[in-house]
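> Let's have the full structure, built from the sequences with the hints guiding it.
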Amino acid sequence: MFVERRSGQIDVWFVVFDKSVPNKWWNWLIPGNFMHVWCFGYCEPARTWVLIDPGYQRMLHGLVPDHLADVDGMIVAARAVGTVLLVKAGARTTPNLRMISCCTATVRDILGMPGWWFWDMVPDKLYRDCIK
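Counting from 1, one number per residue, gives the positions in the sequence shown under the working numbering.
Just so you know, these hints were derived from the structure itself, not from any lab.
Please read all numbers here as calculations on a predicted model, not as lab measurements.
Hints are supplied without guarantee of correctness; some may be wrong.
[Said to hold, decoys possible] Mimicking DSBU-like on lysine-lysine, the simulated pairs with C-alpha atoms at most 35 angstroms apart in a straight line are:
1. 24 <-> 88
2. 19 <-> 88
3. 125 <-> 19
4. 125 <-> 24
5. 132 <-> 19
6. 132 <-> 88
7. 88 <-> 125
8. 132 <-> 24
Structure below.
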């Protein structure tokens, strides 16, 4: 069965702040309550859920058509590993000077949020910026 889908932009993201990562050294090294951040959102024109997990070993992407998605299950699973915020994406007003490639920098780029200093790369700082 062929289903026509259109491209579009995701305006609101579920941002998930994990309290740990699989590597014990990263858990020790990263300051704060949150050790990792990833996100997922719904693209209405494409009728597809997009999941982006910039892991510490590689970037993971997922596309789930809405008729196959268990949205409640996704949110419950996300809440089981950490804290979930619903964040509206904005337009970046400064150049993208991404100096460090990490989960926080990737999610900041997706959300259109500024922040390229070292401390902006800490998940707790992104959390504070999201709840402002």
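> Determine for every hint whether it applies to the structure shown.
Results of checking the hints against the structure:
1. 24 <-> 88: 32 angstroms, holds
2. 19 <-> 88: 22 angstroms, holds
3. 125 <-> 19: 14 angstroms, holds
4. 125 <-> 24: Holds - the C-alpha atoms of residue 24 and residue 125 are around 21 angstroms apart, at most 35 angstroms.
5. 132 <-> 19: 20 angstroms, holds
6. 132 <-> 88: Roughly 12 angstroms between the alpha carbons, so the hint for residue 132 and residue 88 holds.
7. 88 <-> 125: 17 angstroms, holds
8. 132 <-> 24: The given pair, whose Cα atoms are some 30 angstroms apart, holds under the 35 angstroms limit.
Going down the numbered hints, you'll see the structure goes against none, and every one checks out.
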